[in-house]
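A.B. asks: So you can see what is in the structure, the chains are spelled out below.
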Amino acid sequence: MTRPGLVISRISRVLSDYENLSALYALLVVGGVIIGIVTLPFIGYDDDQLYPKTLDPSSSLHPYDRGGEPFGTTDVAAQYPENSPYLGYVTAYLTPFSAFLADSTMHLGTTIVSHPGGITDEILYNTRGLDTVVETSILFVAFAIAAYLFRREE
Amino acid sequence: MFNLPVTNIGGSELFVLEFGDIVNYFSVYTAALFAFALIFTALAIVSRPEKMVDIAFGGDAYYTKEIDPGLLRFQRFMAIACGLATLGAVVSGDVFNFTLFVSMVGITNIGIVAAYKNKHVLNAAFQYGIVAMLATVPLFGGAAIVLATTGTLSLWELYTAAVAVPLIAKIFLVLGVMGEGMAPFYIAKAEITRAQGAPFILMVHVSSLLVFLRVVEIVISM
Chain Z
4 MTRPGLVISR ISRVLSDYEN LSALYALLVV GGVIIGIVTL PFIGYDDDQL
54 YPKTLDPSSS LHPYDRGGEP FGTTDVAAQY PENSPYLGYV TAYLTPFSAF
104 LADSTMHLGT TIVSHPGGIT DEILYNTRGL DTVVETSILF VAFAIAAYLF
154 RREE
Chain D
6 MFNLPVTNIG GSELFVLEFG DIVNYFSVYT AALFAFALIF TALAIVSRPE
56 KMVDIAFGGD AYYTKEIDPG LLRFQRFMAI ACGLATLGAV VSGDVFNFTL
106 FVSMVGITNI GIVAAYKNKH VLNAAFQYGI VAMLATVPLF GGAAIVLATT
156 GTLSLWELYT AAVAVPLIAK IFLVLGVMGE GMAPFYIAKA EITRAQGAPF
206 ILMVHVSSLL VFLRVVEIVI SM
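Chains as they are written, first to last, in the working numbering: chain Z, 4 to 157; chain D, 6 to 227.
It is possible that part of the hints are untrue.
Non-contacting residues of chain D with respect to chain Z, defined by C-beta distances greater than 10 Å in every case (computed) [stated by the list, open to error]:
(1) T155
(2) P171
(3) I173
(4) H210
Just some of the chain Z residues that point at chain D, by a computed CB distance under 7 Å [stated by the list, open to error]:
(5) Y21
(6) N86
(7) E156
Calculated directly from the structure, the hints in this document are not laboratory data.
For glycine and all other residues, C-beta sits at the position ideal for the given N, C-alpha and C.
Okay, chain Z solo, but in the shape it has when bound (with noise of 0.2 Å):
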């Protein structure tokens, strides 16, 4: 149905209807893509990262080999070393029940990668540490939404 109308008048019908939504951001993110093409070759990469990431096929690891010793002091790099004063120190990083298991009992070694201040995820851990928190609690919102929609009744 069209109706005669200023352009303006025009524009607005067809933005007010959130049918158009995704068709309309795809168009601004088109846009954005186009101009991102554009200055493609004026943009560089930075040899000088912070996040350093080397892949090695011929590890058991890859490609989630971060490098670095395992039960040894390795170098970390950080924005702002001095806010992380445990860096590269591995077994730093336990929860207080991971702590207390290490405490009371000989064999928390034989589990230490899946805890949170295993070896994979130590620099997670250490230097961006609310990141994780945070990717944590997206996931843990998402399943409540979920469940909430499957489980409610018609």
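Since the structure of chain Z is already known, use the hints to place chain D on it.
C.D. replies: Okay, now just chain D, sitting in the frame of chain Z:
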């Protein structure tokens, strides 16, 4: 120890909260946004829309509305989660941390809207969901381009004049935040004051507004 390199929005920092490499800051600007988010989160916690009554104008009559306590309980939970995510987003001192909080705001907004059983609202929620899902690509893509081209994610470094952030990263960040917080432009305005669960619907608007104000500060300062 920390001095905000750019002080043209909100002045220098008042208080700095350190989480390792993520250094959150409260300037006058971000502290004001934080205070707003805090007030509306408190409102979502204390409001009791379950006891809503309508009084007929010009008479003694009043009638109670049909209330679904389960729906309001879930919406209160989502509104509080949304408020907490907004609190984190408006003071975050790190691009990736900011994008994570923004995507959490987007997901909780979808949760608030999608909890209704009204067919029109659910149709709209479906569209918001598609847009919020799409918006994560430019949002995290923007953060990834920032990391690749500058080698850091900390706003404290990015705000310095020596570090140049490409235009496309800024465009992607704004597009991502727009997508995650697009719901307020389309939700029926009557819902805000009349529907059950109105304080929680209000949270959708407040969080999107505050997150958008924050991304404007980040993009201008970078």
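A.B. asks: Taking the minimum C-beta separation from T155 (chain D) to chain Z, is that value above 10 Å?
C.D. replies: Given that some Cβ of chain Z is not farther than 10 Å from that of T155 (chain D), nearest at about 6 Å, it is violated.
A.B. asks: Does the interface hint hold: is Y21 (chain Z) within less than 7 Å of chain D, judged Cβ to Cβ?
C.D. replies: For Y21 (chain Z), the interface hint holds, since the closest Cβ of chain D sits about 5 Å away, which is under 7 Å.
A.B. asks: Does I173 (chain D) clear chain Z by more than 10 Å, comparing its Cβ with all Cβ atoms of that chain?
C.D. replies: 4 Å, violated
A.B. asks: Taking the shortest Cβ-to-Cβ distance between H210 (chain D) and chain Z, state whether it exceeds 10 Å.
C.D. replies: 16 Å, holds
A.B. asks: When the nearest CB of chain D is found for N86 (chain Z), is that gap smaller than 7 Å?
C.D. replies: N86 (chain Z) check passes; min Cβ-Cβ to chain D is 5 Å, inside 7 Å.
A.B. asks: Min Cβ distance, E156 (chain Z) to chain D: is it shorter than 7 Å?
C.D. replies: At about 9 Å, which exceeds the 7 Å cut-off, the nearest Cβ of chain D leaves the hint on E156 (chain Z) violated.
A.B. asks: Please check whether the beta-carbon of P171 (chain D) is more than 10 Å away from every beta-carbon in chain Z.
C.D. replies: Its Cβ does come within 10 Å of chain Z, the nearest being 5 Å, so this is violated.
Checked against the numbered hints above, the structure breaks hints 1, 2, 3 and 7 and satisfies the rest.
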